[in-house]
Amino acid sequence: KAGVTQTPRYLIKTRGQQVTLSCSPISGHRSVSWYQQTPGQGLQFLFEYFSETQRNKGNFPGRFSGRQFSNSRSEMNVSTLELGDSALYLCASSSPVRGTEAFFGQGTRLTVV
Amino acid sequence: EDQVTQSPEALRLQEGESSSLNCSYTVSGLRGLFWYRQDPGKGPEFLFTLYSAGEEKEKERLKATLTKKESFLHITAPKPEDSATYLCAVQAGGTALIFGKGTTLSVSS
Numbered sequence: 001k002a003g004v005t006q007t008p009r010y011l012i013k014t015r016g017q018q019v020t021l022s023c024s025p026i027s028g029h030r031s032v033s034w035y036q037q038t039p040g041q042g043l044q045f046l047f048e049y050f051s052e053t054q055r056n057k058g059n060f061p062g063r064f065s066g067r068q069f070s071n072s073r074s075e076m077n078v079s080t081l082e083l084g085d086s087a088l089y090l091c092a093s094s095s096p097v098r099g100t101e102a103f104f105g106q107g108t109r110l111t112v113v
Numbered sequence: 001e002d003q004v005t006q007s008p009e010a011l012r013l014q015e016g017e018s019s020s021l022n023c024s025y026t027v028s029g030l031r032g033l034f035w036y037r038q039d040p041g042k043g044p045e046f047l048f049t050l051y052s053a054g055e056e057k058e059k060e061r062l063k064a065t066l067t068k069k070e071s072f073l074h075i076t077a078p079k080p081e082d083s084a085t086y087l088c089a090v091q092a093g094g095t096a097l098i099f100g101k102g103t104t105l106s107v108s109s
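Chains as they are written, first to last, in this note's numbering: chain A, 1 to 113; chain B, 1 to 109.
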């Protein structure tokens, strides 16, 4: 059974640009969540999508947005990049039942210069 | 406010030297407590889910336990390949996971 796939693995962008990250969940999983991981703040929740609808949102500015497609694949977009957006962005997929475990992809390492 | 605190931040062990990692939490309505292992540059790898106080789960050299305020990850006779960062997370009223900062374990032979 294939795991969670994130593309690309690495990205270097310039301040002010925008970026789109992609996530393909485990087959049959309809819930996709995104997290940002930095050395200072650890793993922080960005948002969760289920059945193409945002079900939950963390405390991040509106520059961070996402969407989910009918095949459960998800994309995350960050506009007007700032140096502080440099981080490992992780996608996790899970059964939509609360309390079930989430399985993470390998992440996309974003560096903003 | 829901919060997860892990201790110690870093732990160095000799091969075969057993120890425990701590995860204390304050949440309203715990739906699940999760342990993950993360290797450098990789995504977290799921280890265990615990749902209620008194529950225990084991996998090879790892054993996770849960009380009403904290969870422990016991590592018995660790090997160098157990070196990693161990993350604890809780899920409360919503679907988001709230993570601790992790414990970085180094096991030397």
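Don't take every hint at face value.
[What the hints assert, rightly or not] Each computed BS3-like pair below joins lysine-lysine, with the alpha-carbon atoms no more than 25 Å apart:
#1 B:Lys101 - B:Lys57
#2 A:Lys57 - B:Lys57
#3 A:Lys57 - B:Lys79
#4 A:Lys13 - B:Lys42
#5 B:Lys57 - B:Lys79
#6 B:Lys57 - B:Lys68
#7 B:Lys63 - B:Lys101
[To be verified] Estimated spans, in silico, between C-beta atoms of each pair:
#8 A:Gln41 - B:Gly29: 40 to 48 Å
#9 A:Lys57 - B:Phe46: 37 to 45 Å
#10 A:Ser95 - B:Ser20: 25 to 33 Å
#11 B:Arg61 - A:Thr53: 35 to 43 Å
#12 B:Glu81 - A:Ala2: 19 to 27 Å
#13 B:Thr26 - A:Lys57: 18 to 26 Å
#14 B:Ser19 - A:Asn59: 28 to 36 Å
#15 A:Gln41 - B:Asp39: 16 to 24 Å
#16 B:Thr67 - A:Gln17: 45 to 53 Å
#17 B:Thr104 - A:Ile12: 40 to 48 Å
#18 A:Gln41 - B:Lys42: 15 to 23 Å
Rather than coming from a laboratory, the hints here were simulated on the basis of the structure. Cβ atoms here follow ideal geometry from the backbone N, Cα and C, with glycine treated the same way.
* Asked: What hints, given by number in increasing order, does this structure fail?
  -> 2, 3, 8, 9 and 17
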